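Each protein sequence line maps, in turn, to chains U and B.
In this text, residue positions in the first sequence follow this note's numbering: the first is 553, and each later residue adds one.
In this text, residue positions in the second sequence follow this note's numbering: the first is 2, and each later residue adds one.
In case anyone wonders, no lab produced these hints; they're calculated from the structure.
All figures in this text were calculated on a predicted structure; none of them were measured in a lab.
Each hint should be verified, as a subset may be incorrect.
Ranges of calculated distance between the beta carbons of each label pair, as one might list FRET restraints [said to hold, decoys possible]:
#1 U:Ser689 to B:Arg182: 19 to 27 Å
#2 B:Gln123 to U:Thr708: 23 to 31 Å
#3 U:Leu627 to B:Pro12: 38 to 46 Å
#4 B:Pro164 to U:Glu558: 52 to 60 Å
#5 B:Asp85 to U:Arg588: 47 to 55 Å
#6 U:Lys626 to B:Ser111: 50 to 58 Å
#7 B:Ala178 to U:Arg690: 16 to 24 Å
Quick list of in silico lysine-lysine cross-link-like pairs, DSS-like style, CA-CA up to 30 Å [claimed, not checked]:
#8 B:Lys81 to U:Lys713
#9 U:Lys594 to U:Lys562
#10 U:Lys713 to B:Lys66
#11 B:Lys66 to U:Lys703
All C-beta atoms in this analysis are idealised placements derived from N, C-alpha and C, irrespective of residue type, glycine included.
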Amino acid sequence: MLLVLEDEHKKHLSFLPSVDIAVVKEFCRISMEFIRKGTNPKVYTSAAQKLGVEANSVQNGVEGLMYLLTEASKLLLSEIDYQDSIMVLGFSEELRSMLLELYIEHSGEIRTILSELSMDLPHYHNLEWRFDVQLASRSLRRQITPQVLFKLHTETYGERKTQVLQTDPVNLVHLTKVLDEALQEMKSPYCRRIVRNIK
Amino acid sequence: RFRFCGELDCPDWVLAEISTLAKMTSVKMKLLCVQVLKDLLGTDIDYDKVSKLTSDAKFETGDVKASIAVLSFILTSAAKYNVDGETLSNELQQLGLPKEHSTSLCKSYSDALEKLKEHLQQQSLRLSHLDSVQWRVDYILSSSELKDVSEPCVQMKLNVKNPDTNTVSPVTFTVPADKFRVLLNGW
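Make the full structure from the sequences, and use the hints.
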């Protein structure tokens with residue numbers, strides 16, 4: 553599928569052919585850094601001063617480049633589709649090949665960064681357990697009650713939470729049996745048919 | 002089947018990485034063992050020394066990580082199931098680790114076994130630690146409700162440490178005299 557660029561986006565990117573190819577290479581490196589770590593407006597002003605153009609056009613050029621890369625990685629464009637999409641910009645052969653190289657080299661990394669941006673539910677971080685035998689309590693002496701104590705650590709958006717849970721061994725065996733059955737469900741013919749169709 | 006894995010089968014990745022370990026000389030492996038033991042006992046691992054040790058066998062970063070991981074697994078798992086050095090050496094040789102490597106690994110393991118077990122016990126699940134207790138006995142003379150109270154009461158402050166965050170938070174409560182007697186005699 554082709555990436556359809558909006559007119560404003562095309563206007564921003566049209567700044568790129570007006571500068572040297574070495575400067576464009578520098579812009580490519582800056583845009584990858586910004587995708588990794590976030591934008592830094594000071595770079596725009598310093599680059600604009602060196603080139604003798606407005607800071608605005610530098611910003612539009614770099615951000616246009618970032619948007620092009622993220623959209624292309626998001627949609628997993630093949631090289632041919634990517635080349636056809638940028639053909640419409642009317643860039644020189646050298647510029648187009650540089651943009652293609654940039655895309656191929658970094659699309660995997662951009663996809664990893666994009667995947668981390670999506671919604672995060674609490675997910676498993678660590679599970680500690682302890683097996684105790686309660687011998688007596690204030691209300692009842694001389695007992696033998698086995699208990700299993702769990703501490704479940706979960707993580708959401710980098711924040712850690714812990715949950716303390718307690719069960720007896722019979723319940724624990726039942727729990728593991730039910731979870732095992734859930735895993736075995738993957739081997740049922742119904743699930744196998746679906747997985748085959750997704751692949 | 003293996004005692005150091007808790008009478009279960011040895012994981013596949015351990016089998017694969019034992020052959021990576023065999024590529025190093027046994028002297029270098031013993032020094033790597035020492036580093037891994039330092040890491041398990043809590044001090045930081047010195048990665049420069051590790052890379053110097055592994056550079057002779059031309060390990061890539063993946064191999065270095067794998068060899069550290071497999072050594073940590075073997076040492077912690079053996080300490081967990083309280084396996085002695087002899088048995089560990091036999092089982093490792095069964096898995097394919099050469100004799101000199103097994104003996105040097107098991108020598109470092111036997112030396113560090115007590116400290117490892119102690120460290121693992123301290124790391125075991127605990128809900129909270131009691132850090133310290135402070136108390137104070139007051140004598141209440143009177144209050145806004147009753148002019149003449151004349152009763153002793155105990156103020157208690159328990160400092161509880163959370164083992165996850167290592168922060169100490171105070172738990173304070175006050176106990177009137179009779180309740181305090183019940184509390185003491187109830188034990």
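Taking the hints in turn, this is what the structure says about them:
1. U:Ser689 to B:Arg182: 19 to 27 Å: Given about 21 Å between the Cβ atoms, the range holds.
2. B:Gln123 to U:Thr708: 23 to 31 Å: holds, 29 Å
3. U:Leu627 to B:Pro12: 38 to 46 Å: holds, 39 Å
4. B:Pro164 to U:Glu558: 52 to 60 Å: holds, 55 Å
5. B:Asp85 to U:Arg588: 47 to 55 Å: This hint holds: roughly 50 Å between Cβ atoms.
6. U:Lys626 to B:Ser111: 50 to 58 Å: Once the Cβ atoms are compared, 56 Å apart, the range 50 to 58 Å for serine 111 of chain B and lysine 626 of chain U holds.
7. B:Ala178 to U:Arg690: 16 to 24 Å: Holds, at about 21 Å.
8. B:Lys81 to U:Lys713: Judged against 30 Å, a Cα distance of about 27 Å means the pair holds.
9. U:Lys594 to U:Lys562: Roughly 24 Å between the alpha carbons, so the hint for lysine 594 of chain U and lysine 562 of chain U holds.
10. U:Lys713 to B:Lys66: Cα-Cα ~29 Å, so holds.
11. B:Lys66 to U:Lys703: holds, 28 Å
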